[in-house]
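Make a model of the complete structure from these sequences and hints.
Here the protein sequences line up with chains D and X, keeping their order.
Under the numbering used here, the first residue of the first sequence carries the number 7, and numbering increases by one thereafter.
Under the numbering used here, the first residue of the second sequence carries the number -1, and numbering increases by one thereafter.
None of these hints come from the bench; they were simulated from the model.
Don't take each hint at face value.
Unchecked claim - Calculated cross-link-like contacts (lysine to aspartate or glutamate; reagent style DMTMM-like; alpha-carbon spacing at most 20 Å): (1) X:K75 / D:D20; (2) X:K17 / X:E34; (3) X:K73 / D:D20; (4) X:K75 / D:E801; (5) X:K17 / X:E93; (6) D:K303 / D:E316; (7) X:K73 / D:E22; (8) D:K303 / D:D204; (9) D:K640 / D:D671; (10) X:K75 / D:D25; (11) X:K75 / D:E32; (12) D:K328 / D:D154; (13) D:K328 / D:E384; (14) X:K17 / X:E44; (15) X:K75 / X:E62; (16) X:K73 / D:D24; (17) D:K328 / D:E595; (18) D:K328 / D:D675; (19) D:K640 / D:E595; (20) X:K75 / D:D204; (21) D:K422 / D:E440; (22) D:K328 / D:E293; (23) D:K602 / D:D292; (24) X:K73 / D:D21; (25) X:K75 / D:E440; (26) D:K422 / D:D445; (27) X:K73 / D:E37; (28) D:K640 / D:D657; (29) D:K889 / D:E801; (30) X:K73 / D:E801; (31) X:K73 / D:E32; (32) X:K75 / D:D24; (33) X:K75 / X:E93; (34) D:K626 / D:D657; (35) D:K422 / D:D25; (36) D:K350 / D:E440; (37) X:K73 / X:E34; (38) X:K75 / D:E22; (39) D:K661 / D:E595.
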Amino acid sequence: MNRFYLWPWKAPVDDEVDDELTFHLEMRTREYIDRGFSTADARREAERRMGDVERVRAACRTLGEGRDRRMRRIEYASELRQDIGFAWRQMRRHPGFALVASLTLALGIGGTTAIFSAVDAVVLRPLPLRDPARLMVVAETWKGMPSDVSAGNFTDANAGITSFDGGLTAEQFSSFNLADGGTPERIIGGRVTANYFDVLGARPAMGRTFRADEDRPGDEQVVVLSHRLWMRRFGAASAILERDIRMNGRRYTVAGVMPASFDLTTNREEVWVPIAFTPERKALHDEHYLTVYGRLKADATVQRALAELEAVASRLRRDFPKDDGELTFTVIPFTDQFVGDYGKRLLVLLGAVSVVLLIACGNVANLLLARGAARGREIAIRTALGAGQWRIVRQFLTESAVLALCAAAAGLLFAKWSLAAVVAWSPPGVPRLEQAQIDPAALGFAVAAALVSSVLFGLAPALRLARSDVRTGLREGARGTTAGGFRDRLRTGLIVAEVALSLLLLFGAGLLIRSAIALQRVDPGFDPNGVLTARVALPAASYAEPARVVATFQRMAEAAAQVPGVTQASITSYAAMGGGGGSNGLLPEGVPFALKNLVQSVLRIITPDFFRVMRIPLVKGRGFDDRDRSGGQKVMIVSARLAALAFPGQDPIGKRIACCEQRPDGSADYKVVVGIAGDIRSRGPATPPVAEFYLPMTQAPADAWNWTQRSMYIVVRAPGDPGALTQPLREAIARIDPDLPLFDVRTMSQRLSSSLATARFNTLLLTILGGVGLLLAASGIYGVIAYFVSQRTHEIGVRIALGATPGRVVRLILTQAMRPVVLGAAVGIGAALAASQVLTNQLFDVSPTDPATIAAVVVTLGTVALVASAVPARRAAAIDPTKALQAE
Amino acid sequence: MPDTTAELLHGTLVALILKTLARGRRHGYAIARAIEEATGGVVQVEDGSLYPALYRMERSGWIEAEWGVSELGRKAKLYRLTPRGRRQLAAETAEWARFAAAISHVLLAT
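Shown next, in the form of structure tokens:
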């Protein structure tokens, strides 16, 4: 408050107090003189009655300043009320303008608010964990690639470090057959160490989490349910605690239920059970399948944790050169890992939708300028009545703010609707996106966006109008504020800005569209059409014997092949575009054993018809058949890429490769290469093929059934509509074991397209935004050019009267209209080339500075701009010179 | 020298100013004189308290001021009651009546 004393209008209060006190003292003195006092005595008596005059003066000044501040506030508030009332009446008097302007803005404000809500839910909102910033993900790296952690490495790391509060926790994602009265169901769950929930810092909504002793072998039959599963499967029954449920053929006692907000991994676990490491498991340093978390102690740093982990890693590298020869550990903040690059993608979208809002602001500014022309008289009168320029600017800004807030109200409805669409259409796996909603934060954002835009679109017109000449305004009446046609910098500036901004958007959309087309053209190496895929998993409790597992899957392949409409059927451990498929180190025969000589390759266990179902060509050699029995000669088929890596420049057929298991005597187990299969893009069209190899299911290593958790894909080829076979296939499997649910049933085309879901979603959104931006820019260009033509009716009339042909008039207008368009395009290209870098990791086979895309975008934009200005240009050519000249 | 003085009871100065201004606008000195005359000289306004009270009342919105001309033709700051000041006067009068009745009830009891 003290700063007010420094204000220049301090003086009036001082003078006021001085004048008043002087006057009072004079009057008192006069009073005492009248009573017969001498002049000097009268003066003294008057001063005595006043007391300490300086103190009185100071008190009055302070109070007077407070009074003046209060008056200014009251005055300001009452002016604001008047301005808001006036603005409201203006809008009601011109509903057409109000509707067009606020709908334009509502589009921009609603769009930004919707995307903001998504950003808020996914990125900004803190995780429902205690102190999430201290939660870390500990991973291994192998040859520079991040990898999951083996049970042995986890156990040794946990014993060798002190930086983490309560030690490290490990989670193995696995799936469970939930058979609990109703239809059996396949659900995703996590096997976790007992300290899992404590380390994550999450508390149950009901019941308890795991006790410290519950992750010992034999004590692990307890389960914590996710809120989602509890609602869906158990009807949110509060009596669920301590009840037994059946999973994978075993009983688990329900210990607790987590809150709905505890949904933190893209795997979306629905249950958690304790992971019970046996001593053998804890000694196993190969087989990397654990996700490891740790909570840094208050005094620990990432650096210290890394140093401790490096000490452990160096020990492991020495003790287990075969398994851990190149082991290092990494520590990544959980939040970074959780949000991944979705945060960046969403921010790109937020940027794009803000650009649309800016273009909308440009259009509304233009509308305001056009309406301002009609309000020149009103401004002139106000100015003549003593309103200062700032007062008029304030009134116009208030009108803009009222307009923008109305637009925000409409925009919120639009945001609610478009957010629902974004959530529904978004690719699966965006963390927490479904929690996005139009909440108070979104409301605040919409209001802020409205106020910021009201200044953006309102300030320039307000300044322009407030400066317009009073006398001109009064003399010319309603046609008050005119500016010099095409020399009107503000309006041409709007065209430049709108063209530049929409070029930016279109360029981004164009790059993504080109990527999408390129992806569509990629040959995945197999024929996804007419293929149905489904998963089935055999519970370990009833299918312990590998021989029984193989026999059951074989019966399933035969049963699937018998389903009417199916031409071929096959079983595989890893369908393309599906989960699974771990990496194995292969050692070609004759190459000395050393880590660097191992060829990394993805294993797929299959039945013989797999290549026929998928239509993967055999480049050389033969496929699997009945000869490849259990106990017979062990064989494998390699992909063309693996053949090139393992046997460069040689014919691999007949060569031997060691992999996957050891002979009982500990020596390498060799398989003979009998065929070469074509490369396939198993991770999606955007990912180049990797080295892969195939083993016949009959010869699968016994351990493989633990790696795959006895879970296999059934893939069938069915000409016609493969989706229609879901039910018959389900029935065929149920005849083999009614307790086995068929899950993740999808056609191969669906798998292929969902591997592109994120890319497609971003492309779709950016294309919509680009289209909206282009339409807004076009209507902005049209508005400005139409205004210029109307301002130059007289001049054009004269030209036509002097013999200018319609063609010449059209050319004249178009030439002048294209100048700001060309300038805007130039600015836009510069901005687009700089900004497109943010898209780099979303592009496929297109450079972020792709000249063809720039050319296409410029041509599109130029054409649209030309069409938008051609309408008013043709109107100019049709001007009747006699009427135009009479009108003046 | 005034022969009779009475300390103004706390808060009564404001009520007296309001009452005085209810009869029309006046400058500060005239308010003081009016109070002195109306009380037959029993109440002597302390000039050093009068002006801070006036500024405070102005800030509260009970009175407003404008520059005018005094009876002797001098420039003077004239105060006027606002509608809010009129309501405040009614409230303070009622409060005084209650207070005075209570004190009288004690002191004048027979």
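Query raised in the report: Do the alpha carbons of K328 of chain D and E384 of chain D lie within 20 Å of each other, as the hint requires?
Result: Not satisfied, since the Cα-Cα distance of roughly 88 Å exceeds 20 Å.
**Report entry** K602 of chain D paired with D292 of chain D [C-alpha distance capped at 20 Å]
**Finding:** Answer holds: K602 of chain D to D292 of chain D is near 16 Å, not above 20 Å.
Query raised in the report: Quick one, are K328 of chain D and D675 of chain D close enough, alpha carbons at most 20 Å?
Result: holds (16 Å)
Query raised in the report: Are the Cα positions of K328 of chain D and E595 of chain D separated by 20 Å at most?
Result: holds (17 Å)
Report task. Sort out whether E595 of chain D lies within 20 Å of K640 of chain D, counting only the CA atoms. Result -> holds (14 Å)
Requested in this report: For the pair we were handed, K640 of chain D and D671 of chain D, check the Cα-Cα distance against 20 Å.
Outcome: Holds. K640 of chain D to D671 of chain D sits at ~17 Å (cutoff 20 Å).
Requested in this report: Would you mind confirming whether the straight-line C-alpha gap from K75 of chain X to D20 of chain D stays at or under 20 Å?
Outcome: holds (14 Å)
Query - Given hint E801 of chain D paired with K889 of chain D - CA-CA distance at most 20 Å - result: The hint holds at about 12 Å.
**Report entry** Agreement of K73 of chain X and D20 of chain D with the hint, judged by alpha carbon distance not exceeding 20 Å
**Finding:** With a Cα-Cα distance of about 16 Å, the restraint between K73 of chain X and D20 of chain D holds, given a limit of 20 Å.
Report task. Sort out whether D24 of chain D lies within 20 Å of K73 of chain X, counting only the CA atoms. Result -> Within the cut-off at roughly 13 Å; holds.
Query raised in the report: For the pair supplied as a hint, K422 of chain D and D445 of chain D, is the alpha-carbon distance within the 20 Å limit?
Result: holds (10 Å)
Query - Given hint D657 of chain D paired with K626 of chain D - CA-CA distance at most 20 Å - result: Roughly 10 Å between the alpha carbons, so the hint for K626 of chain D and D657 of chain D holds.
Violated hints for the displayed structure, listed by number in ascending order: 4, 13, 20, 25, 30, 33, 35, 37.
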